[in-house]
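Using the sequences provided together with the hints, build the complete structure.
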Amino acid sequence: MTVKTVPTNAELVNESSKLKVMKGKQKFNLKYLGPILALVIFLSLWQFIPALLDIKPFILPKPTDVVAAAVKDWHLLWPAMQITIFESVIGFILSAVVGIGISVLLASSRVLEISLYPYAVILQTIPIVAIAPIIVIWFGSGFNSIVIISFLIGFFPIVSNTLMGLNSVDKNMGDLFKLYNASKWQTMVKLRIPAAMPFIMSGLKVSCTLAIIGSITGEYIAGIGGGKGGLGYAITVAAVQLKTPYLFACAIAGALFGIVFYLIVSLVSRLVLKSWHESAMEAEK
Amino acid sequence: MVNEKEVVLFQGVDKVYNTGTVALSQLNLSIKEGEFISFLGPSGCGKSTALRMVAGLGEATRGTVEVFGKNPKAVIETSNDVAFVFQDANLLPWRTVLDNVLLPLELRGSDKKSRKETAISVLEKVGLKDHIKSYPRELSGGMRMRVSIARALAAKPKLLLMDEPFAALDEMTRQTLQMDLLNIWEREKMTVLFVTHNVYEAVYLSSRIAVMSARPGRLSNLIDVDLTYPRERTTAKFTEYVDAASQSLEHSMGRKELV
Chain A
1 MTVKTVPTNA ELVNESSKLK VMKGKQKFNL KYLGPILALV IFLSLWQFIP ALLDIKPFIL
61 PKPTDVVAAA VKDWHLLWPA MQITIFESVI GFILSAVVGI GISVLLASSR VLEISLYPYA
121 VILQTIPIVA IAPIIVIWFG SGFNSIVIIS FLIGFFPIVS NTLMGLNSVD KNMGDLFKLY
181 NASKWQTMVK LRIPAAMPFI MSGLKVSCTL AIIGSITGEY IAGIGGGKGG LGYAITVAAV
241 QLKTPYLFAC AIAGALFGIV FYLIVSLVSR LVLKSWHESA MEAEK
Chain B
1 MVNEKEVVLF QGVDKVYNTG TVALSQLNLS IKEGEFISFL GPSGCGKSTA LRMVAGLGEA
61 TRGTVEVFGK NPKAVIETSN DVAFVFQDAN LLPWRTVLDN VLLPLELRGS DKKSRKETAI
121 SVLEKVGLKD HIKSYPRELS GGMRMRVSIA RALAAKPKLL LMDEPFAALD EMTRQTLQMD
181 LLNIWEREKM TVLFVTHNVY EAVYLSSRIA VMSARPGRLS NLIDVDLTYP RERTTAKFTE
241 YVDAASQSLE HSMGRKELV
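Chains as they are written, first to last, in full-length UniProt numbering: chain A, 1 to 285; chain B, 1 to 259.
The set of hints was computed from the structure by calculation and includes no laboratory data.
It is possible that some hints are incorrect.
[What the hints assert, rightly or not] Below are the DSBU-like pairs computed for lysine-lysine, each with C-alpha atoms no more than 35 Å apart in a straight line:
hint, chain 1, residue 1, chain 2, residue 2
1, B, K70, A, K184
2, A, K178, B, K5
3, B, K156, A, K178
4, B, K70, A, K190
5, A, K190, B, K113
6, A, K171, B, K189
7, A, K190, B, K125
8, B, K156, A, K171
9, B, K129, A, K171
10, B, K189, B, K73
11, A, K178, B, K133
12, A, K171, B, K113
13, B, K125, A, K171
14, A, K190, B, K189
Here is the structure:
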């Protein structure tokens, strides 16, 4: 005679939690394994198709060519990256400070906002490449112009987001502040700016990657101005010399910097909004 | 406990919105110090509109509203005498419970040192002393409403305006909060204007019920509730008042249909 053991409650719970862990693992696997697998497939195709079709490296270099070029010219690539990073960060900080400052100013005066906002929208539609030469004429080639171009391209998303946030305050909360006879300044500092934070943060996320595009564009047009050139300058030189693998390396370096910059800004945003906002709460779970 | 000092006076008050909707028509009502008065009525009867006028958040199209014998706007500009509790707790999500309660004191520029003590003591009154460091999202709906009430009490108002504060809460929470509110009212000797569409709530809480009818919003009946506090919801007397209030409410709605 066999005695069947009935699983106790604790065991059952154990089982189900194990199951959950397994399910979680599967989810994890799919979430990370999927993209990694896709990348591997993509890279192998990229590696073998040029070899198979006998495409020259200066038309389409293989991933190994790109890596080799990056390693070989690292003494050029790394300084160029540093310069672009520096220009982008300065441009971004400028656009954040000036953008938020101007938005607060506009939002605190109805007359100013109504009179100037349409022009802010119009200015936003001007292609930055078109006004870049003017900036070079005004500020000379080199660092200053590049930073200004980087600043300009990141400036408008911050203004439009911040203004939208400052004007999206919940009506009841506005009434609450009226009820306590809050001054304009108190309402701005204690209500409108905190309420606009999620909007400001998403503006910053957009602008940080734009700032890189701005500085690389700036380097195309404003050149190096005596000093060493950044990624944009390196790309123009590589293109002229048909150093296609190095050109790829520059582009990928720019992209990596963009990703890192975006992640840093996202992290800051999450820290700022951590205590209360839904977008940050989602990430917490 | 009701004496004759007048706290709020509506005199021939009309409110017509820009859209042409008549929210209030010929509202005449005098509210005395220490009263707990409920505006009871269906939605669209202008009860919230009347409350907002008392808070200085809206103006009468015709007639006058006086609070402590003065224009409501002047009252909120010069004193802490009026506080408002909104239908949703209306807390600032980026501030902790304590900081939310501190807000009126900060805005009014009261003494920095005593602020925190005041805030903690009102949070104690509403039973939230253990949650002062929490954020609103970490609290239940009932707890959030308690914070909101604490915030209103922080500046020691003489007149407390409440716009359907318990409408979104579940029945159990609502009853507890009703009880607590009555305790606070008796202890603080305030005047309370309470807007609700719940007949039981009005009878349980109020010393007087102003029954309103809709479209156009007007005062259709005033009921004095002569029951001692705390009230039992199951007594025959209580039920009688509920019936009376319901009938007068139905009557006012019926009249609307005849028009």
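Hints and how they fare:
Simply put, K70/B and K184/A have alpha-carbon atoms about 24 Å apart, close enough for the 35 Å limit, and the pair holds. Restraint check for K178/A and K5/B: satisfied, since their Cα atoms lie roughly 27 Å apart, inside the 35 Å limit. In summary, the hint linking K156/B to K178/A is supported, as the alpha carbons are separated by about 17 Å, within the 35 Å threshold. A hinted pair counts as satisfied when its Cα atoms are at most 35 Å apart, and K70/B with K190/A qualifies at roughly 29 Å.
Between K190/A and K113/B the alpha-carbon distance is near 20 Å, which keeps this suggested pair within the 35 Å criterion. Pair hint K171/A plus K189/B holds up; C-alpha atoms about 30 Å apart against a cutoff of 35 Å. Annotation: proposed proximity of K190/A to K125/B holds, straight-line Cα distance about 26 Å (limit 35 Å). For the hint linking K156/B to K171/A, the alpha-carbon distance of about 24 Å falls within 35 Å, and the restraint holds.
Between K129/B and K171/A, the direct Cα distance comes to roughly 29 Å. Compliance with the 35 Å bound is thereby established for this hinted pair. Of the supplied pair hints, the one linking K189/B and K73/B holds, its CA atoms being roughly 23 Å apart against a limit of 35 Å. Note on K178/A and K133/B: the hinted pairing holds, with a Cα-Cα distance of about 26 Å set against a maximum of 35 Å. Distance hint between K171/A and K113/B is fulfilled; the C-alpha atoms sit about 31 Å from each other, no more than 35 Å.
A C-alpha spacing of about 28 Å is found between K125/B and K171/A, which places the hinted pair at or below 35 Å, so the restraint holds. Taking the CA atoms of K190/A and K189/B, the gap is near 31 Å; set against the 35 Å cutoff, the hint holds.
Against the hints set out earlier in the document, no violation occurs for any number.
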